[in-house]
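Asker: Each chain, letter by letter, is given below.
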Amino acid sequence: MGQATASSNAYYVPHASVWPIVGSVALFLLMSGAATLLNGGSGMGLLKFWLGFAILIFMFFGWFGAVIKESLQGLYNSQVDVSFRMGMVWFIFSEVMFFAAFFGALYYARIFSIPWLGGEGDGFATNQLLHQGYEAAWPTNGPDNVGGFFETIPAWGIPLLNTLLLLTSGLTITLAHWALKVGQRGALIFWMSATIVLGIIFLYWQAYEYVHAYQDLGLTLGSGIYGSTFFMLTGFHGLHVTLGTIMLIVILFRCMAGHFTKENHFAFEAVAWYWHFVDVVWLGLFVFVYVL
Amino acid sequence: MMQKEDMGMRKAKGGLGVALMALSVSAWAVPERWQLNMTPGVTATSQDVFQLHMLILWICVAIGIVVFGAMFYAMIKFRKSKGAVPATWSHNTTAEIIWTVIPVLILLGMAWPATQTLVRMADTGDADMTVKITGYQWKWRYEYLGEDVKFMSSLSRAADEARQLGSGIDPNSVENYLLDVDRPLVVPTNTKIRFVITADDVIHAWWVPALGWKQDAIPGFINEAWTEIEEPGTYRGQCAELCGKDHGFMPIVVVAKPRAEFDAWLAEQKAANAPATDAVVQAPAPTKS
Amino acid sequence: MATYATTDHHEDHDHKPSGFFERWFMSTNHKDIGTLYLVFSLIMFFIGGAMALVIRAELFQPGLQLVEPDFFNSMTTVHALVMIFGAVMPAFVGLANWMIPMMVGAPDMALPRMNNWSFWIMPFAFALLLSTLFMEGGAPAGGWTLYPPLSIQGGNNVAFVIFAVHMMGISSIMGAINIIATILNMRAPGMDLLKMPVFVWTWLITAFLLIAVMPVLAGAVTMLLTDKFFGTSFFSAAGGGDPVMFQHIFWFFGHPEVYIMILPAFGIVSEIIPTFSRKPLFGYQAMVYATASIAFLSFIVWAHHMFTVGMPLGGQLFFMYATMLIAVPTGVKVFNWVATMWRGSMTFETPMLFAVGFVILFTIGGFSGLMLAIVPADFQYHDTYFVVAHFHYVLVTGAIFSIMAAVYYWLPKWTGRMYNETLGKWHFWLSTITVNILFFPQHFLGLAGMPRRIPDYNPAFADFNVISSVGGFAFGITQLLFAWIVIDCCLRKRGAKATSGVWESAKGLEWTLASPAPYHSFTTPPKIDDRMLAHGDVSH
Ligand code: HEA
Ligand code: HEA
Ligand code: CUA
Ligand SMILES: [Cu+2]
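Residue numbers (the working numbering), protein chains in the order written: chain A, 34 to 325; chain B, 295 to 583; chain C, 29 to 568.
Worth flagging that the hints you see were computed from the coordinates, not collected in a lab. Note that the structure is a prediction, hence the values are computed from the model and not measured. Note that the Cβ used here is the ideal one computed from N, Cα and C, for glycine as well. A portion of the hints provided could be inaccurate.
[As the list claims (entries may be wrong)] Derived DSS-like pairs: lysine-lysine, alpha-carbon spacing no greater than 30 Å straight-line:
no.	chain 1	residue 1	chain 2	residue 2
1	B	Lys374	C	Lys256
2	B	Lys551	B	Lys539
3	B	Lys376	C	Lys256
4	A	Lys102	A	Lys214
5	B	Lys539	B	Lys486
6	C	Lys223	B	Lys374
7	B	Lys376	C	Lys555
8	C	Lys453	B	Lys371
9	C	Lys453	B	Lys539
10	B	Lys551	C	Lys453
11	B	Lys539	B	Lys426
12	B	Lys551	B	Lys426
[Said to hold, decoys possible] If you anchor each label on the Cβ, the simulated ranges turn out as follows:
no.	chain 1	residue 1	chain 2	residue 2	range
13	B	Ile370	C	Met560	22 to 32 Å
14	B	Asp420	C	Ala502	50 to 60 Å
15	B	Asp420	A	Leu197	57 to 67 Å
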């Protein structure tokens, strides 16, 4: 649609696009399907959920496809590029704040609610009258032993390994970026692939750890506040790694298709930022969820 | 009960000033028609809170008069239709500093008494007795710790009937509509009473305006508060945290009795404490105190 | 900061899209999307208002006459959610969409396709939310604050409400990202940050608040969801959690949220008052810094909504002091508005009337806010109608009044026609009188001890409730007048043709464009003339 030539200085304003409304319908179906499922509905819920999911995927293909096409046509000048960068940066910031809510819950429980339940500070009467015999501790599943006995995952085993994996992947993606900037296609593809492989290994160990926790350790989402914070934090992180890995794979294909130039490869950078963000969150997790 | 105060209260509709005057009149048991202002209540704390309230209220009124006064003056004086010619200036450092600093000073003046009152209210030490309050959907349970006296307290029957949708009963015909219970909490006057407050299901809040505070009842946690009531009387309040469909229907009634009367009452309760105290609750409300 | 030349590349496409579906459902145009937001907001205002009228009708007299308590609570809850997320926030985003590109000299928003997605998520989110009204077990009834354990006692509605909130969050975040990118990246050359109109500044800061806190709300409601459906114990003491923890997380979102609903209002008023005072805005830089300070402080005062939950003394004192401090930058704003009027040459067209009404009535709401900040006094005020009075003053005579002022102010720019000034004045005076009848008596009710969120009350509270309800219905009906004035102006086009300047002394880039503004705002970046800026002299 755009009539501009690559040399044009114009800020590209796309014309009408059907993808946003498709995406909204998809979200609506997905969410209302999920809600129906949670309420115990099956048939309709499943249908809505998967239909929504499928349309959402379709939407992403369509939308990003359009963006890629426009980008390849040279419709985006450097100002458009800056808009995209800002968009990505602030999106990542919003993700940081999303995780902040769960980290906040973890700190609050550890610094306030558990000591109070255990009778420390202002919690003397709470412990004495309601939870006699409960002592503040971490890990804990609370005064009522919610979920029963459980063991935790030691930090210095798989989690440490996973930390090293992610840190290495941060390095490999930087090498890939460097290769892209100096125009070494072979190295670029190699380092990108390495990053993806590291991400997948990470996910494998994470899944392994979950199975282990559920089957052998008695550690579940229902294991009181420890299980809640543990699985929510690591779970949302794992979800982000999954998304990041998918994004990396897409970018790998785009690298192979020669979509990026030395100067112009915003999509690559955006995904790299995202990957670093996921990396940093993991470091927080490793320290606060596993080590401390 | 507290009929003698009614006259003082009626006057209160005259305006905020009258309410200030009413400081001398004690015992503010129930809300009055056309009541405009908070009441000073019946404890030293509640009176402190009332004075704090009046202080900040009047400060705000005063600032309002100055600010709105200036504004209306400007709007009347500097109209185009009166031939006003606009000035062109757009800042004045001195003025800006003044109207930053003065509010800070005013705020300090408010924060000081507020802090003092708050510190006093937070001190639950040295209490003579402790009452445990537990909120349920939708009633209260009182337990006199160490005395083996405990009971439930819920909305009075008359009000409960009248409050049903389409009951056809005029609420005006029910005395203390929605502010009366089957069994009130009875406490002694001139005694520092510590309350330990919790809930069984969802969050509630225990609030009797005449005592000067409210405190949330959180399931799984204990909150503490205290009071020392000076005047014997019946003081009414309500649950003050949304707790479900009958949140509006779980009133609180506190009856404060002189020490001797209270002791007699307590002894009576203990005596009646044969098999199960809680069973009493189920029985129709017998007495109104 | 990048400021490149912005010329329109599709010269042959400069007309509007042809089909109805293409124009309104597939739009990438900031004006059309702005219009969508505004229309949506008006519809939501009426829906939320209708619910408020159910509340006021039930409270007209003691005793239950119309609805069951559960339904009453649903009305309270959904009224608030609809008004906040459906009426006020989208209205401000709509105004941002319309005005920011025009005010900074841009052709459109920075990310036009995403802009459309931000909008179109909203109707679907509200379809999800409002569908609970027709569900078994009814709509959510735990208050808009969604405190557990009560909120997760709800039946089928819980999951729906939570997902609806997630969708609203996604929409707001994308909208905010777009606004930030537009402001930081799309300004015409010469439009330095400290030359931007105050409305643009307030929105820049608001957008930052949105991105910072909407995800936190998403996290909070996600924990509600897992507590209900997946056995987690975030908010249950039995498992080591704490119901109060939800309140902390919620209000970490919730307090900045209330400033999200007032900062753009400050911006609007800061545009209007100089125009009708024919004098530059007083203390432009102070206004900007005050806005930033309010935003900063908004992150460290959240627990003033929770003074009665049993926080340690030190916490209560900290949150009290921090909250009180907000009066200082807000005061700076109020004083600067008064100083702008001082020695001006004022006229009182409808936008100015609403702006003046805003300053006075918002300040009254601010005063009661300050009183609520005083912890010992708040022990008495908390969860009474005094609080209800406070927040309706800042929200209805604050946020809503500012939105109405903005609509009157910019409507001629949008439509090319003047609205009916006589009816506008009627609308202002009727609104102002009735809204005070509606909300002022609620101060008395609260002080006399009437709790909020109750469907029935002791007859002692009857008199002021009658007055309030009468005021409520009168205010509601008055808003039909508003709808009529807007429709009359937009569709019947009877009014006089508007000039590009519209108002005698309006300053700023948007007034250099024709009325109605061309479809693509600035296809070539405008030259910035410092004397044309709303705040006049920018040398200090
Ligand atoms: C637009 C929305 C908005 C705005 C702007 C505000 C502004 C303020 N609010 Fe309000 N508030 C709400 C919306 C808002 N609030 C809502 C929705 C709730 C209830 C939520 C719920 O529970 O459902 C609430 C509740 C609420 C509470 C909790 C009450 C309770 O539940 O017990 C408190 C307590 O501190 C508070 C304080 C304040 C303060 C100090 C300000 C300040 O920002 C006000 C500052 C302004 C001024 C003070 C006036 C102008 C200043 C001057 C003229 C200078 C000189 C003045 C002095 C020195 C005094 N608010
Ligand atoms: C921006 C936010 C906003 C706005 C604009 C309003 C506007 C109004 N509010 Fe709202 N309100 C809140 C935010 C808002 N409120 C919040 C956050 C709460 C707390 C909720 C909680 O406790 O959880 C609350 C709670 C609340 C209560 C307390 C309920 C309770 O505690 O139980 C009351 C009671 O009077 C009330 C009344 C009103 C009224 C009369 C209006 C009026 O201004 C509305 C006027 C508009 C109209 C009336 C629309 C016009 C419509 C018609 C004329 C016809 C009707 C149309 C059809 C039938 C199609 N509100
Ligand atoms: Cu119990 Cu409200
Ligand atoms: Cu607040």
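Asker: Each of the hints needs a verdict: does it hold here or not?
Answerer: Hints, verified against the model:
At most 30 Å may separate the alpha-carbon atoms for a hinted pair to count; Lys374/B and Lys256/C exceed this at roughly 62 Å. At roughly 33 Å between alpha-carbon atoms, Lys551/B and Lys539/B are farther apart than 30 Å, so this suggested pair is violated. Under the criterion of a C-alpha separation no larger than 30 Å, the hint pairing Lys376/B with Lys256/C is inconsistent with the structure, at around 66 Å. Our distance criterion of 30 Å between C-alpha atoms is met by Lys102/A and Lys214/A, whose separation comes to about 22 Å.
Among the hinted pairs, Lys539/B with Lys486/B is inconsistent with the structure: their alpha-carbon atoms are about 34 Å apart, more than 30 Å. Of the supplied pair hints, the one linking Lys223/C and Lys374/B holds, its CA atoms being roughly 28 Å apart against a limit of 30 Å. Taken as a hint, the Lys376/B and Lys555/C pair is broken in the structure, with Cα atoms around 36 Å apart against an allowance of 30 Å. Restraint check for Lys453/C and Lys371/B: satisfied, since their Cα atoms lie roughly 21 Å apart, inside the 30 Å limit.
Only pairs whose Cα atoms come within 30 Å are accepted, and Lys453/C paired with Lys539/B is rejected, the gap being roughly 42 Å. Proximity of Lys551/B to Lys453/C is assessed by CA-CA distance (about 60 Å); at most 30 Å being required, the pair is judged violated. Straight-line distance between C-alpha atoms of Lys539/B and Lys426/B comes to about 24 Å, which keeps the hinted pair within the 30 Å bound. Taking the CA atoms of Lys551/B and Lys426/B, the gap is about 19 Å. The hint holds against a cut of 30 Å.
Between Ile370/B and Met560/C the beta carbons are some 30 Å apart, a value that agrees with the proposed interval 22 to 32 Å. The hint said 50 to 60 Å for the Cβ distance between Asp420/B and Ala502/C, and at roughly 54 Å that hint holds. About 58 Å separates the C-beta atoms of Asp420/B and Leu197/A, a value consistent with the hinted range of 57 to 67 Å.
This entry does not satisfy hints 1, 2, 3, 5, 7, 9 and 10, going by the numbered hints stated previously.
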